[in-house]
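**Student:** Got chain A; can you put chain B on it based on the hints?
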Amino acid sequence: MSTEQILSSDGIPLEISLKKAERKNKIKAMLLVAPLFLFILITYLMPIGDMLFRSIDDRMITSKLPNTFAALAKWDGKELPDEATYEAFYKDFYPLAIAKESGKLYQRLNYEKSGFSSGLKKTNRKIKKFEKGNYKEQFMATHKIWNNVEYWVALKNTAPKWSYAKYLKGVDLKLDPDRNIVQMPENRKIYKTLWLRTLKVAFFVTIFCFILSYPIAHLLATLPMKYSNLLMICVLLPFWTSLLVRTSSWMVLLQQQGPINDLIVMLGLTADNARPELMYNVVGTFVAMTQILLPFMVLPLYSVMKTISPSLMRAGKSLGGTPFVAFRKIYFPLTVPGIGAGSLLVFILAVGYYITPALVGGASGSLISNTIAYHMKSSLDWAFASALGAMLLTGVLVIYWLYNKLVGIDNIKLG
Amino acid sequence: MSKNNEFVKFDNVDKSYDGKILVVKGLQLDIAEGEFVTMLGPSGSGKTTCLMMLAGFETPTHGEIYLDGNPISNIPPHKRGIGMVFQNYALFPHMTVYENLAFPLRVRKIPKDEADKKIDKALSMVSLQGFEARMPMQLSGGQQQRVAVARSLVFDPQVVLMDEPLGALDKNLRESMQYEIKHIHESIGVTVVYVTHDQTEALTMSSRIAVFNDGKVQQLSSPDELYERPVNSFVAEFIGENNTFDGTVSDITGDTCKVKLINGTEILAKPISVKSKGEKTTVSLRPERALINPEDKMDNNYKGKIKEVIYHGDHTRVRINLLENDQFILKIPNSTSNLDIKLGNDINVGWNIKDSRALDPK
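Protein chains in written order, with this note's numbering: chain A, 1 to 415; chain B, 1001 to 1362.
For the record, the hints were derived by calculation from the structure and aren't laboratory data.
Some hints could be false.
What the hints assert, rightly or not - So the derived list for chain B, only partly shown, Cβ under 8 angstroms to chain A, looks like this:
#1 Thr1059
#2 Thr1061
#3 Gly1063
#4 Tyr1066
#5 Pro1077
#6 Met1084
#7 Phe1086
#8 Phe1092
#9 His1094
#10 Tyr1098
#11 Pro1104
#12 Val1107
#13 Arg1108
Owing to the predicted nature of the structure, the values given are computational and were not obtained by experimental measurement.
Ideal Cβ positions, reconstructed from N, Cα and C, are used throughout, including at glycine.
Looking at chain A on its own, in the form it has when it is part of the complex:
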């Protein structure tokens, strides 16, 4: 192919003059989207970046105990460290104790090994009366953690500025004193169960939503206008109602003395004194989340079904397919983009759902997001909360990627 340059009438290469002509429009377009871009940058991308950063950031302790870590770098970790190390720790800890800045240190080190908090608190009180020299003995007299080589190993392990320990903890793994990745002790494994429960709940909520939505969406798409509008309002009305109101209504309905339990007793399915627990367990989570997420399945399905011409089903039947065959071979495959969009939407929303499981889920129905909230608000282990959040985000992206591989994201139709 010839690459001869085409010139516009004033002698400038066509490509350049075209770019020039389009530049103005491009700038205008960019200015129009700039506010949204800045908004997303400030309120969405930067917080997410900060969260990812926080989950691996371990610089606080490194900066507070510089002398100690310098001294520990040469230590082999087999026996208690030498006098110089104790002295280095004294040099680091004494100013913190005087300035009352040692609080963060207790918390951070206690995550590493429990016992640190009480030991450091006691040391904090006594360190002001330490005499010069012979620090090792004085420390050992203050609290028993200073006699224990394991605490020193734990302290040394906090030296690196960056740490992925929070991620290991999120999947019930930890670093042993020799920095090998090992399983958590059986009685402290809670996160794997939580992850599995979250996936299970999200999966079944998606399935339930699909089963309930498909016929409704079909009705919506095929009924005459005046009925379908009414039905549409019935679908959308809960959608417009506050999430909190809906969840609270479910609490009213599902409680042990609530109408649903009354009905079960009235129908004689159980005795009055053996009313089933419908709330504060996984059942409540399923019921409430399915109802709340239903519109997210109905709407994509509806918008896809609306585009399927009724003559296709007729064609299928006139060509000899039974109604079932015509449905399975023609109608159903054509709704797959809607099913994909709805399922992806419901699943991703369900995986990160917070309010509903928090209110009706109880202990057995709480999900990963409830744990994240707990670490944000109660245990104040923000690094761990960030790590869990980042893992959730990664999980959602992986699902999205898998979906794209299997079905193709351009097969999605939201309307």
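**Tutor:** Here is chain B on its own, set in the frame of chain A:
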């Protein structure tokens, strides 16, 4: 093989959707085996409803439809073995051309090699070999239409129904498809019931045409019969162009009647739906049957003033005021170039009794 003249039979069929209005009224229609019958009529005349009843998507409110002698009202559509071409083709968009054609064969459990032969034959019939792997969206409107035709024929149905299949195509393509469908029908001899509101299409393709209006068949006859000898003024008006004169029968003897127009002139016409003196009537006359400046003596001869001249290439359309009807149209072939056709001129117009038909009053 003797032809069954009542291969498809509508026997006194009524259809109402809402219990108030009859969309189809007492329909009586026989279609012979191998025939190409067109249901022609304005929208809302009940023609599509008839087709849907035959296909099985609507049930008659009263009466019965017979296919090859068997009543079919209680047979679901998928067991009727009737092929159908839909208005918007209704090709399955998620299947290739091959899969679209294979669908009716697969549901009939026809072995693959036999099915492949049938598909190949059907595609060659519409000259679309080599398009098996295409998706419907990758085809042009005309090609999609051919696939739809091939799909409706691939399983050798007894009857093929076509519901305005050419409505979405442009004029030229529509014309060539008309011939193509006609040739396919001739070559395989399948019975075709075709619905359209386009009268040229109906005239081009059909062996017989059923003109529908108001839920009833107004006339069922061959295209030439329909055009030359309409039995009532609706058919005369609907098929082709038509000049009309309203008046009253003043005399009637055998094959001739005198019709007195409002201005008092009496013209001669052939009585079709009038029987006695004093009846109101509308006389219908095809534009091409009225000649200007006739040399031979004609039964009716009048002078009219030219109101409008429109050049149409192969002919010229002239609108004149004749006997106080200023919508009287003449079609003059362009070979007669020396005629004095100018706006405002007076010209002589003449026509014969057999071409002016006294029909029911409008």
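**Student:** Compare the structure with each hint and give your call.
**Tutor:** Now the hints, each set against the structure:
no.	hint	result
1	Thr1059	violated, 14 angstroms
2	Thr1061	violated, 20 angstroms
3	Gly1063	violated, 21 angstroms
4	Tyr1066	violated, 18 angstroms
5	Pro1077	holds, 4 angstroms
6	Met1084	holds, 4 angstroms
7	Phe1086	holds, 5 angstroms
8	Phe1092	holds, 6 angstroms
9	His1094	holds, 5 angstroms
10	Tyr1098	violated, 14 angstroms
11	Pro1104	holds, 4 angstroms
12	Val1107	holds, 5 angstroms
13	Arg1108	holds, 6 angstroms
Violated hints for the displayed structure, listed by number in ascending order: 1, 2, 3, 4 and 10.
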